[in-house]
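When you get a sec, could you build the whole thing from the sequences and use the hints?
Sequences listed follow chains A and B, in order. Under full-length UniProt numbering, residues 1 to 380 are what the first sequence spells out, in order. Under full-length UniProt numbering, residues 1 to 380 are what the second sequence spells out, in order.
Since the hints were made in silico from the structure, they are not lab data. Note that the structure is predicted; figures quoted are calculated from it, not measured. Glycine included, every Cβ here is placed at the ideal spot set by N, Cα and C. Relax, there's no trap hidden among the hints.
Lysine-lysine pairs mimicking DSS-like chemistry, simulated, CA-CA at most 25 Å apart:
#1 A:Lys297 to B:Lys298
#2 A:Lys252 to B:Lys298
#3 A:Lys281 to B:Lys297
#4 A:Lys190 to A:Lys310
#5 B:Lys252 to A:Lys297
#6 A:Lys298 to B:Lys310
#7 B:Lys298 to A:Lys310
#8 A:Lys297 to A:Lys180
#9 A:Lys51 to A:Lys365
#10 B:Lys346 to B:Lys190
#11 A:Lys281 to A:Lys252
#12 A:Lys298 to B:Lys252
#13 A:Lys281 to B:Lys298
#14 A:Lys297 to A:Lys365
#15 B:Lys281 to B:Lys255
#16 A:Lys298 to B:Lys297
#17 B:Lys298 to A:Lys298
#18 A:Lys252 to B:Lys297
#19 B:Lys180 to A:Lys310
#20 A:Lys310 to B:Lys327
#21 B:Lys329 to B:Lys83
#22 A:Lys297 to B:Lys281
#23 A:Lys298 to B:Lys281
#24 A:Lys327 to B:Lys310
#25 A:Lys297 to B:Lys310
#26 B:Lys365 to B:Lys51
#27 A:Lys158 to A:Lys329
#28 A:Lys310 to B:Lys297
Partial list, computed: chain B residues near chain A (C-beta under 10 Å):
#29 Cys270
#30 Val290
#31 Val302
#32 Thr304
#33 Ser306
There are 2 protein chains.
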Amino acid sequence: MSLVKSTAMRALNGSFSSSSSFLVKLTQPHVRRGQAQSIRAFSVIMSPPSKAVVYERHGPPDSVTRVIELPPVEVKENDVCVKMLAAPINPSDINRIEGVYPVRPQVPAVGGHEGVGEVHLVGSAVKGLERGDWVIPSPPSFGTWQSYIVKDQSVWHKINKDTPMEYAATVIVNPLTALKMLEDFTTLNKGDSIVQNGATSIVGQCIIQLARIRGIHSINIIRDRVGSDEVKGILRELGADEVFTESQLEVKNIKDLLINIPEPALGFNCVGGDAASLVLKFLRNGGTMVTYGGMSKKPITVSTSSFIFKDLSLRGFWLQRWLTPDKAKECRSMIDSLLSLAREGKLRYGMELAPFNNFHAALDKALGKQGSQPKQVIRF
Amino acid sequence: MSLVKSTAMRALNGSFSSSSSFLVKLTQPHVRRGQAQSIRAFSVIMSPPSKAVVYERHGPPDSVTRVIELPPVEVKENDVCVKMLAAPINPSDINRIEGVYPVRPQVPAVGGHEGVGEVHLVGSAVKGLERGDWVIPSPPSFGTWQSYIVKDQSVWHKINKDTPMEYAATVIVNPLTALKMLEDFTTLNKGDSIVQNGATSIVGQCIIQLARIRGIHSINIIRDRVGSDEVKGILRELGADEVFTESQLEVKNIKDLLINIPEPALGFNCVGGDAASLVLKFLRNGGTMVTYGGMSKKPITVSTSSFIFKDLSLRGFWLQRWLTPDKAKECRSMIDSLLSLAREGKLRYGMELAPFNNFHAALDKALGKQGSQPKQVIRF
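Laid out in structure tokens, this is it:
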């Protein structure tokens with residue numbers, strides 16, 4: 001185990017109590033344990049040991065991750081030790097483990113990127129947080145798939161404890177993406193419309209609901225599937241104005257399908273390929289399509305005339321680019337408003353809570369091994 | 001000949017002296033001529049007859065256009081009668097005649113969209129223009145392929161007569177596109193760079209020169225061709241920093257080719273297909289590609305990650321959208337600065353002057369019947 005690796009591990013897992021790390025402990029248990037104990041003798045505050053999903057190399061998540069116990073960590077004067085309550089398995093978490101995400105922690109690392117926890121211990125200089133408070137790391141940071149996290153107090157954002165836990169755990173990566181995308185690209189006014197593909201995704205469901213709250217119509221495209229009428233009903237119940245399967249849009253003039261809905265100025269694409277072309281077809285002259293995902297793994301193809309004569313703009317959105325430390329205040333304010341909607345039942349989406357002690361079963365579901373499954377949220 | 005058609009024709013050709021039009025004259029020469037003569041008896045000022053390239057239906061330009069003589073037109077108090085000196089055959093002129101351009105005159109129509117002329121007669125209320133002045137219709141308007149045009153004085157922009165005629169005739173459609181695209185999408189500072197395909201086009205050549213004047217590096221992509229070294233030399237002589245053939249860019253990391261040139265924030269695409277992908281590859285994170293043409297007739301294909309992780313924006317530019325009457329002042333100021341550069345020899349591009357009495361030979365060249373040819377500029 002190189003020094004570089006163990007240093008990286010410490011940085012990712014919060015502040016360790018000594019030069020030991022769990023990895024060093026694994027390889028040199030006797031020598032290092034003794035050293036750690038000698039520091040404990042100075043009566044520093046220590047976290048409990050942390051059960052964590054760890055990967056030491058990039059690769060298929062089901063084979064490179066394992067659940068191990070990390071040793072206690074010193075809780076320094078500005079640190080807060082948080083007992084995690086819940087954390088989702090997001091596709092981006094999987095891509096980070098696979099090593100295909102543009103920004104990823106140096107291995108070895110603890111998985112996960114967002115979640116909610118309860119304050120367990122606070123350092124002597126910590127203000128505004130106390131044992132029992134619910135907090136989320138905001139901006140989100142690496143390593144939420146573990147039972148205890150020790151990080152500087154600036155990392156933690158206190159939230160209302162009346163929030164349903166699974167929404168608190170998942171508020172950033174998907175709902176905040178939906179909210180930012182609705183606000184950042186075009187000024188939308190009441191009565192305007194947006195169009196999106198991948199409307200059954202959690203971001204898609206959030207867009208429908210956040211648009212509806214603003215009086216903005218949504219035109220939603222879903223893939224052809226068994227039970228598409230049922231899916232349409234669910235999306236309409238969330239507030240969707242129109243829901244079309246892709247095959248319904250194989251018509252000469254797609255805009256003839258819009259009745260009492262203006263042509264959309266803004267579109268969202270998380271699929272690519274033909275499904276992206278359908279979004280472009282709906283857009284009005286001068287409209288913008290924002291790509292935030294590529295579920296079909298197909299590129300986006302656009303005609304020259306779409307740019308020149310229809311004046312379309314194509315942009316991209318990546319929440320992580322925006323989630324810089326200087327945006328923490330704005331981010332937290334948006335989180336609060338989203339969680340408020342969740343408490344009121346105005347922001348809903350399907351999830352499945354999965355016990356941490358059965359992590360790999362949840363991971364298999366998240367990897368799609370059992371077909372389409374609800375978002376898996378680990379319950380610690 | 002319907003009334004609608006003859007009314008449309010009059011509107012396009014300026015103000016006629018009576019309810020007669022050349023088309024009516026053609027079909028009912030005796031009756032209508034008599035009517036026109038009776039109005040002339042009131043001593044209104046009349047233009048000379050105008051020799052014009054006319055098309056009465058959309059279709060292949062070489063078969064639907066013919067050169068005919070239009071009858072004299074009244075020069076009303078605010079009108080200026082201009083004797084045309086030169087006007088180019090632009091690809092968009094061809095597309096208008098073919099009927100495939102999004103905005104096109106109602107047929108029957110006179111061809112052409114930009115050009116330069118000399119004031120021949122002015123109406124009694126015209127100020128600031130007199131016989132002998134050089135003027136260009138600005139914003140450009142339909143019907144420049146004719147020997148005399150009568151239009152309201154507001155249409156005409158007086159220019160410096162020291163300007164080489166062929167540059168005055170062609171300053172709007174291509175050079176103004178280049179200038180607007182350099183200014184409208186990204187703030188470029190001295191030392192920055194741009195990348196473009198189709199660098200041998202007139203817009204491409206203008207971009208090279210206008211960028212160089214601003215201290216902006218240009219990275220230029222040309223198609224593989226016999227004599228590409230010679231073409232590279234010509235573009236370098238205009239101020240190009242780098243010129244690559246498409247096949248030279250079949251490398252693993254395209255950016256390794258940039259030495260002492262920063263990654264470009266702005267790219268221009270007038271080709272589409274793979275040539276557009278090459279522009280995208282050169283762009284830096286957060287860069288913008290502006291599409292203003294599609295010479296390959298192939299669409300633009302973009303990966304999802306280009307939008308999400310590289311944060312690229314794709315936009316389009318169409319000069320005609322910007323050239324609204326309220327932009328006339330800004331347009332004229334930009335024209336003046338471009339013509340000033342042309343007079344100083346700082347803005348150059350290849351053209352071929354073609355005599356009007358051999359219009360169809362020039363049209364054949366513009367249609368590509370003799371392979372790649374210089375821009376054809378009709379000399380009246």
